[in-house]
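J.: Each chain, written out:
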Amino acid sequence: MQIKTLTVSELNRYIHRLISSDPILNSIYLKGEISNFKLHGSGHAYFSLKDEASKINCVMFKDHYEKIKFEPKNGMHIITNGYISTYERDGQYQLYIREIEPDGIGTLHLAFEQLKIKLKKEGLFDFKKKIPSFPKKIAVVTSPSGAAIRDIISVSKRRSHYVDLLIYPVLVQGENAALEISNAINHLNNEYADIDIIIIARGGGSIEELWAFNEEVVARSIWNSKIPIISAIGHETDYTIADFVADLRAPTPSAAAEIAVPPISDFKNNLNGFYKKLNTSWNYYIQKKHNQLIGINKHKLLSITKHKLLEETQRLDLLQRNLYDYANKKIQNSQSQLVKNASKLEALNPFSTILRGYSITFDENGNNIYKIDQVKKGDRINIMLTDGHLNCTVTHKKKEDHSIEHFWTS
Amino acid sequence: MNTFGHLKFKKEDSFEEAIKKLESIVSLLDEGNLSLDETLSLYEEGIGLYRYCNDYLEKSEQKIQILMNGEEISFELSDAKIKGD
Numbered sequence: 001m002q003i004k005t006l007t008v009s010e011l012n013r014y015i016h017r018l019i020s021s022d023p024i025l026n027s028i029y030l031k032g033e034i035s036n037f038k039l040h041g042s043g044h045a046y047f048s049l050k051d052e053a054s055k056i057n058c059v060m061f062k063d064h065y066e067k068i069k070f071e072p073k074n075g076m077h078i079i080t081n082g083y084i085s086t087y088e089r090d091g092q093y094q095l096y097i098r099e100i101e102p103d104g105i106g107t108l109h110l111a112f113e114q115l116k117i118k119l120k121k122e123g124l125f126d127f128k129k130k131i132p133s134f135p136k137k138i139a140v141v142t143s144p145s146g147a148a149i150r151d152i153i154s155v156s157k158r159r160s161h162y163v164d165l166l167i168y169p170v171l172v173q174g175e176n177a178a179l180e181i182s183n184a185i186n187h188l189n190n191e192y193a194d195i196d197i198i199i200i201a202r203g204g205g206s207i208e209e210l211w212a213f214n215e216e217v218v219a220r221s222i223w224n225s226k227i228p229i230i231s232a233i234g235h236e237t238d239y240t241i242a243d244f245v246a247d248l249r250a251p252t253p254s255a256a257a258e259i260a261v262p263p264i265s266d267f268k269n270n271l272n273g274f275y276k277k278l279n280t281s282w283n284y285y286i287q288k289k290h291n292q293l294i295g296i297n298k299h300k301l302l303s304i305t306k307h308k309l310l311e312e313t314q315r316l317d318l319l320q321r322n323l324y325d326y327a328n329k330k331i332q333n334s335q336s337q338l339v340k341n342a343s344k345l346e347a348l349n350p351f352s353t354i355l356r357g358y359s360i361t362f363d364e365n366g367n368n369i370y371k372i373d374q375v376k377k378g379d380r381i382n383i384m385l386t387d388g389h390l391n392c393t394v395t396h397k398k399k400e401d402h403s404i405e406h407f408w409t410s
Numbered sequence: 001m002n003t004f005g006h007l008k009f010k011k012e013d014s015f016e017e018a019i020k021k022l023e024s025i026v027s028l029l030d031e032g033n034l035s036l037d038e039t040l041s042l043y044e045e046g047i048g049l050y051r052y053c054n055d056y057l058e059k060s061e062q063k064i065q066i067l068m069n070g071e072e073i074s075f076e077l078s079d080a081k082i083k084g085d
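Chain order of the listed sequences is A and B.
With my numbering applied, the first sequence corresponds to residues 1 to 410, in that order.
With my numbering applied, the second sequence corresponds to residues 1 to 85, in that order.
These are computed hints drawn from the structure, not numbers from a lab.
Given the structure is predicted, the values throughout are model-derived calculations rather than measurements.
Note that CB positions come from ideal geometry on N, CA and C, so glycine has one too.
Hints are supplied without guarantee of correctness; some may be wrong.
[Claimed, not checked] Simulated DEER-style distance windows between Cβ atoms:
id : chain 1 : residue 1 : chain 2 : residue 2 : range
1  : A       : N176      : B       : E72       : 21 to 31 Å
2  : A       : K289      : B       : K11       : 26 to 36 Å
3  : A       : K129      : B       : K11       : 30 to 40 Å
4  : B       : D30       : A       : K73       : 56 to 66 Å
Work out the full structure, taking the sequences as your base and the hints as a guide.
T.: Rendered as structure tokens:
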């Protein structure tokens with residue numbers, strides 16, 4: 001018997017064909033623990049599944065990997081569905097995985113927990129915008145045919161005819177729901193400046209039915225929204241990721257409407273409060289001014305005036321004194337000047353010579369006679385003395401040279 | 001009233017703007033540090049704003065609309081088939 005010698009490639013291809021044709025290996029469910037997990041840049045995931053004694057290499061291609069809702073990690077126990085095939089180049093058989101599910105808890109629960117932890121770490125649950133107290137227009141992102149919108153409309157109608165509602169119709173379950181909800185939030189933020197509050201709402205349902213509200217894309221849109229968002233998803237006991245990120249979680253759609261839509265009476269009370277305050281302030285102000293006026297009239301004004309008066313009196317006194325001093329000084333100055341002038345005058349007084357024994361001679365007309373030529377013999381002349389006149393007749397006259405003439409003529 | 005010109009009621013003011021102005025006037029008056037003239041004109045302005053807001057509330061009618069192809073059209077509950085939870 002001749003034995004055919006095979007090449008490595010031929011052997012590997014043979015084994016590959018053998019394994020591929022096995023109906024059991026073509027579709028198996030395998031459970032184990034993830035190890036050596038590596039997500040390649042291409043989007044394909046490579047890891048091993050192991051139990052206490054053994055391990056197998058696994059590949060999950062991008063198309064399948066993208067569809068899993070949670071994030072596989074080392075140490076995680078999973079149940080997989082896939083097929084066994086070989087990697088001919090290395091002569092290795094491995095598990096090609098189509099689907100993964102966490103072992104123990106459901107996929108959705110795990111995805112929920114994982115996203116919750118991730119977003120919480122990022123701080124998406126921390127910051128809450130204030131819900132406006134007196135909104136004018138509220139957008140409701142929900143199904144137009146659901147129970148949620150019915151409840152919201154009826155509560156709004158009952159509470160206030162003032163607040164307007166804009167329904168933004170979206171799918172609230174199914175594959176496209178999350179994207180529609182997310183787009184609706186973005187669209188309202190970008191295009192509708194008059195919206196004061198957004199309510200995202202859905203009636204009750206299973207975790208699968210509510211799933212759209214647990215998707216990251218919805219959480220991100222809520223987080224990025226400038227308009228405050230109230231979430232009202234499912235029943236009171238249902239919590240979704242959207243609830244954690246929203247600025248306020250209402251237990252039900254009806255409750256959301258009750259929170260968002262203030263009763264018209266609140267508006268009126270608020271307005272009347274302003275009116276009352278306006279009047280109180282006004283009255284208080286007038287009363288205050290009035291009191292001020294009375295206070296000023298009675299006491300202050302008088303004392304201020306008195307004080308002012310006294311001050312002015314004092315000032316006047318001082319001025320008067322200054323004036324007096326000044327005048328006095330001026331008078332004294334003038335007096336001493338006068339005395340000085342008087343004594344000067346005195347020295348020049350011709351009559352003072354008389355006192356010293358001289359006398360003055362006048363002719364009949366009162367002209368001063370100081371030269372002998374002014375008189376003739378027989379003329380009548382008067383001689384002035386200190387205490388009277390002598391009426392004389394010139395009986396004799398004699399001209400003499402006298403040194404005094406020089407004074408007169410010179 | 002030059003200093004408080006921005007608090008004067010304008011015809012094109014929305015209810016929200018009017019009530020905001022009213023609120024500012026109330027708090028200004030509450031502080032009470034204004035002259036008599038200022039106080040008087042702010043008070044009158046405030047009363048005018050109050051009347052406007054009150055009228056507005058009385059007359060307003062609730063609009064319930066749905067966004068359809070980018071347009072806001074009137075929505076009646078009976079328009080939609082309601083399905084229970």
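J.: Take the hints in turn and mark each one as holding or not.
T.: Verification of the supplied hints:
| no. | hint | result |
| --- | --- | --- |
| 1 | N176/A x E72/B: 21 to 31 Å | holds (23 Å) |
| 2 | K289/A x K11/B: 26 to 36 Å | holds (33 Å) |
| 3 | K129/A x K11/B: 30 to 40 Å | holds (32 Å) |
| 4 | D30/B x K73/A: 56 to 66 Å | holds (60 Å) |
Checked against the numbered hints above, the structure breaks none of them.
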